[in-house]
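Number of protein chains: 4
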Amino acid sequence: MKNIAIVYHSGFGNTDQVAHALERGAQTKGIDVERLILTGEQIQAGRWADDSITEKLNAAHAIVFGAPTYMGMVSGIFKCFADATAPHWMSHSWQDKLAGGFTTSSHPSGDKLMTLHYLVTLAAQLRMVWLGPTAQASHMTGSSEGIDQWGYYIGVGALGTVQPSIGSQPTSGDLLTAEKYGQRIAQATLRWNK
Amino acid sequence: MKNIAIVYHSGFGNTDQVAHALERGAQTKGIDVERLILTGEQIQAGRWADDSITEKLNAAHAIVFGAPTYMGMVSGIFKCFADATAPHWMSHSWQDKLAGGFTTSSHPSGDKLMTLHYLVTLAAQLRMVWLGPTAQASHMTGSSEGIDQWGYYIGVGALGTVQPSIGSQPTSGDLLTAEKYGQRIAQATLRWNK
Amino acid sequence: MKNIAIVYHSGFGNTDQVAHALERGAQTKGIDVERLILTGEQIQAGRWADDSITEKLNAAHAIVFGAPTYMGMVSGIFKCFADATAPHWMSHSWQDKLAGGFTTSSHPSGDKLMTLHYLVTLAAQLRMVWLGPTAQASHMTGSSEGIDQWGYYIGVGALGTVQPSIGSQPTSGDLLTAEKYGQRIAQATLRWNK
Amino acid sequence: MKNIAIVYHSGFGNTDQVAHALERGAQTKGIDVERLILTGEQIQAGRWADDSITEKLNAAHAIVFGAPTYMGMVSGIFKCFADATAPHWMSHSWQDKLAGGFTTSSHPSGDKLMTLHYLVTLAAQLRMVWLGPTAQASHMTGSSEGIDQWGYYIGVGALGTVQPSIGSQPTSGDLLTAEKYGQRIAQATLRWNK
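Protein chains in written order, with the working numbering: chain A, 1 to 194; chain B, 195 to 388; chain C, 389 to 582; chain D, 583 to 776.
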């Protein structure tokens, strides 16, 4: 059995929906997938700690990082968690785990690429191997289901909102993109750990 | 009279439309604005050179850089031009000029933020002062005219396409965003060079 | 009188040294400069709040942001502060303030450029105007005093360490770079607000 | 037999030295490694084309991208090559190939991280899987051989100069870092393609 951990913070529930879609996609024979939720209560004086989450991350074959984009970057709560991975940078104990990432914000761009660039940088410091989402059938004409409609490649960048009046978000295309990304990560985890 | 130069490459005409909108916005009393177009013919064996353009940039009080985003970054033609600004990096002869930037691609994200991060980095190497677009009335509800609809802040990120069937692009909101950016750059040029 | 605020988090004292050097450089006739220190104690359940600091930032003509680079990005403590600037993104009440930034880490690169790219993105979301450090005499031969020795352009990237045995850090060249940056920000604040 | 292609542009020979070190590291049983050199002569009116190089890249199981950092980004010559990979973005024919990257510039930072962020973005658009350099024994105390001395994680960032008087560059530590990166890419290519 190979383990995939999805570790994320969600502020208003949008990032949580993307995490669930990823989880659905990753569920397959030979794969055990778990969502691990970061909260402000895990932080004391700016330092994040949660032994149960850390143990599960240590045991994972693949880790998918997720956070809302607040003011152009992962939320402060996620960043406090990221700071707490420094011992794994020093010991390189996470080297060769697979990594992926996702984020949400209230605009199609909303500087979410900055967050994805950060997540890939965090994974590189931890010597992990980065995997982005699957390609859809055609980049130019787009998918009738709205998969990959915004043009993110490093990870999933979904629309999220705090205003229910704007309509259901993330869009169904965003959630399908995340689900297919989960499938890809599960397949790669099995292939890389044969 | 203060001079604003808009120096850009356009592949399929989308970036050119944004440049024209910026020019319209920048036209005001006391400001002389000019568009300077980069082409493949100005490049020999990977080296860009065009004395007339370089002289005009040297004389400008503000320079706005523009390029399509190809494969996640300014086009190769623009990059050959950027390489040729190295003498100004060494002599810091462009220090304190104002700078801004814009880009287009076929998806709302399309990794255009990477291009804008590059343009601000190029300007920083040249010791220029960076100015992004104006804020619209309300970020959360959005503008009825589609100004700033995608959520770009460092510069203008507009939609562009090579497929006329998809509809008119850049959108009217993109062009208005660029026009208002041109106004802001003109006002800042006058304020900074009083 | 024009106000410059240096708002920063320092973990082991390196970032604090850079902030002091910036402050020294910025002290000039007509300029009031103040350092505002971010701490973990200002954060409750992942949310940063400190009314006194916020009021001073609201009154500043220029804001210089500083943080150590932890795991490839501003520290979690700084990021919690950045999240709390969201009301200024929405109201664009900080539009046209000048901005700058600095960071420290234990390696010459250490992914500090990622932090500087983030600070410029944060400032752009707040519609501020970005100013990088001054150029030294010659980029190619370098400065005998070690100014700008690493090749950072968007802001100051200084060496910092938690191991006193490695030698005094930030280096004297880093502190001189920061001092000259402070001078540049002070001069620009006076020029922009004439 | 699995194929690794190292495709790069070198301006003054520094990037070429890193490419040779990578090649040495990658040479192992079961791996065929080849260096493919990009030149200005392969570019006509801003468009790069070289059928022989493209065919070899199509056949490769892993591609390592390399370029000098000029003005904060891959050289114009490399970018013209990157533009020409657009058909593989559209067809996603390079999906699941392994990818890595390296760059050189005349300063320890020199905005080389921007180049590495670009190379990882290019690879993500092509749906490739990204692998950074190996960890050294200890991040904090450093390697006695100068491996990973600058603190780059996404790829190799080496020192390069056009001034022989400054001393031999890239440093021996840079070349060892590249050689170990080559080993890691070779091992990962065998593991991923079992």
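Bear in mind the hints are in silico, worked out from the structure with no lab data behind them. Since the model is a prediction, treat every value here as computed from it, not as a measurement. One or more of the hints may lead you astray.
Said to hold, decoys possible - Restraint-style ranges between C-beta atoms, simulated for each label pair:
| id | chain 1 | residue 1 | chain 2 | residue 2 | range |
| --- | --- | --- | --- | --- | --- |
| 1 | D | Lys-611 | A | Met-1 | 23 to 33 Å |
| 2 | A | Asn-58 | C | Leu-578 | 35 to 45 Å |
| 3 | A | Asn-58 | B | Phe-206 | 19 to 29 Å |
| 4 | C | Ile-425 | A | Thr-39 | 57 to 67 Å |
| 5 | A | Ile-37 | C | Gly-534 | 41 to 51 Å |
Stated by the list, open to error - Residues from chain B that keep clear of chain C, each with C-beta distances beyond 12 Å, as calculated:
| id | residue |
| --- | --- |
| 6 | Gln-221 |
| 7 | Thr-233 |
| 8 | Arg-241 |
| 9 | Asp-245 |
| 10 | Ser-246 |
| 11 | Ala-253 |
| 12 | Asp-290 |
| 13 | His-311 |
| 14 | Leu-320 |
| 15 | Thr-365 |
| 16 | Arg-378 |
| 17 | Gln-381 |
| 18 | Lys-388 |
Every residue gets a Cβ at the ideal spot worked out from N, C-alpha and C, and that includes glycine.
For each hint, the structure was consulted:
| no. | hint | result |
| --- | --- | --- |
| 1 | D:Lys-611 <-> A:Met-1: 23 to 33 Å | holds, 31 Å |
| 2 | A:Asn-58 <-> C:Leu-578: 35 to 45 Å | violated, 54 Å |
| 3 | A:Asn-58 <-> B:Phe-206: 19 to 29 Å | violated, 50 Å |
| 4 | C:Ile-425 <-> A:Thr-39: 57 to 67 Å | violated, 26 Å |
| 5 | A:Ile-37 <-> C:Gly-534: 41 to 51 Å | holds, 46 Å |
| 6 | Gln-221 | holds, 21 Å |
| 7 | Thr-233 | holds, 28 Å |
| 8 | Arg-241 | holds, 19 Å |
| 9 | Asp-245 | holds, 23 Å |
| 10 | Ser-246 | holds, 26 Å |
| 11 | Ala-253 | holds, 20 Å |
| 12 | Asp-290 | violated, 8 Å |
| 13 | His-311 | violated, 6 Å |
| 14 | Leu-320 | violated, 8 Å |
| 15 | Thr-365 | holds, 21 Å |
| 16 | Arg-378 | violated, 9 Å |
| 17 | Gln-381 | violated, 10 Å |
| 18 | Lys-388 | violated, 6 Å |
Checked against the numbered hints given earlier, the structure breaks hints 2, 3, 4, 12, 13, 14, 16, 17, 18 and satisfies all the rest.
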